[in-house]
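Protein chains in written order, with our numbering: chain R, 1 to 221; chain L, 1 to 285.
Derived by calculation from the structure, the hints in this document are not laboratory data. It is possible that part of the hints are untrue.
What the hints assert, rightly or not - For lysine-lysine, the following DSSO-like pairs were computed, each having C-alpha atoms within a straight-line distance of at most 30 Å:
#, chain 1, residue 1, chain 2, residue 2
1, L, Lys202, R, Lys71
2, L, Lys205, R, Lys27
3, R, Lys113, L, Lys2
4, L, Lys205, R, Lys14
5, R, Lys71, L, Lys71
6, L, Lys187, R, Lys111
7, L, Lys205, R, Lys113
Unchecked claim - Which bits of chain R does chain L cover? Going by a derived footprint, with three or more residues having C-beta under 8 Å, they are:
#, stretch
8, 55–62
9, 195–206
Every residue, glycine too, gets a C-beta built ideally from N, C-alpha and C.
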Amino acid sequence: MIRFENLSYSYPNKTGGLRNINLTIEKGSFVCIYAPTAEFKTTLLNLIYGEVLPSSGKLYVLDYTFPEDRKKVSQLRKNIGYAFHPLSFFDELTVRKNLLVNLLIKQKEKKLKHIETIVDETIQTFTKLNPLELVKNLSYSEKQVLNIARALTGDPLILLLDDPFKHLDKDEIDKWMKLFIEKSLSGITIVATVSNPALPQNYGIKTFFMKKGRLLEENEK
Amino acid sequence: MKNSFRVFNIIFNDRFYMLALNGIFQYVLYTLFLLFSVFFYNVNDYLIKVGSKVTFYAFFKKDTDNENIVKLKKIIENWPEVKSVRIIKPEEGIAILKKSLGKESNILNTLDTNPLPVTLQINIKPAFTEKFYINQISDRLKKFEIIEWYDTTEKYLGSIISVRKSVTNVFIAGIVLFLFIIFLALKIMSKGFVNKYIDSIKLLKMLGASRAFMLIPFIVEGFVESLITSSLSTATSFYVISYLQNELSELGFTIIALPLEIYLLFILLVSVIAGISNIPGKKLL
């Protein structure tokens, strides 16, 4: 499903980067990556999403190989739900329209009515938000919930979550963790970055650690 | 494709005032251009007509009898270069002269007798207006003793040709300048659009919108808008032409519209240019 093969990545004008990453994430896995800030954990997710390309080595995501398939990124993204960090929305649009735009991009379905139904169900199931509320009026935690809900719409095969629990309360985090575990059991591959290493461990989720651009397992720390 | 337009309408829903301003701008620009083209087309047409018309005036000696004049007319009519020949009698000649002098024709009233001889007006076919043929005709006319002297309008051809060349050059330069202005103006507007929506476009890309998904609505909208405005401009230019035709017909001017193919080509060309220039920042996408 996702395979990093001797992958390195360095920013053009920055020192440091990812070094010689070798990792295989099978279909339906739920893995977390912990690192203190500025350890390139977002870069790891951006590589899977095709936002940045490996400087060396190979990355296999679904049926795509990078850097070779750089021009097929938009096709790949139709199968990936990504909860970005920092949060990014169409602030002048409503909650409903934000989700609708995402689904219109990802879905091949042409009937608007059907797409709107999915959006309404998503809002009802995953959030307590008012669909007609403008995003610019939402609090940070409400935006965070909308961010996750957006990533979940469109039946993604891979879910990328970049620090998804920031500013969420304990109950909310618990609710989402249980949902993610359920999703991974149904076959969705989930890769999440976290700023608290204890959190995934409490749920028995495999966690990797990033240190100086290297990806380490628990026993290698 | 449908979803692409749906997203476009959701994200850029406040673009309509820009669209309206753009439409008005295009309409004014296209209309001015079409009227400019019609003006040059008519000037060019007039110069072609004048340039392809060469006439000889052969003046007979005073005592030439009518029989010889008719005889010579028949001979000249059979020359392959000649389109038509007409005898202008002295009375008709003086009437023509008076008309051309206008208010100053009073001077002719002081004359006791008509000084004009019988004249042959020899119209040359457009295919034989080159210098070579004109010289040949001149040589032949010189041989007739009953002809006192002759004159030709050929001497004006050189200046007409050079005026035509200048007019054509100005027209071509005008077209190039116009197309450049359209492209540039639309590009500047599109750049303003990008600056306003840069974050939205970036986010669309992040959500997985392909290049085609984002570009097609921009191109189609630019194309359709220009198609409508250029069609309206064409209709306006037809209206202005018919108005001028009515107004100027009494003065003896006829104004002709451009050929239909030119209008269709114009509509298609500016629509394509507008579609392409409506692409918001290629590098961004």
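Tested hints:
| no. | hint | result |
| --- | --- | --- |
| 1 | L:Lys202 <-> R:Lys71 | holds (17 Å) |
| 2 | L:Lys205 <-> R:Lys27 | holds (26 Å) |
| 3 | R:Lys113 <-> L:Lys2 | holds (13 Å) |
| 4 | L:Lys205 <-> R:Lys14 | holds (24 Å) |
| 5 | R:Lys71 <-> L:Lys71 | violated (87 Å) |
| 6 | L:Lys187 <-> R:Lys111 | violated (34 Å) |
| 7 | L:Lys205 <-> R:Lys113 | holds (24 Å) |
| 8 | 55–62 | violated (count 0) |
| 9 | 195–206 | violated (count 0) |
Hint compliance for this structure: hints 5, 6, 8 and 9 are broken, all remaining hints hold.
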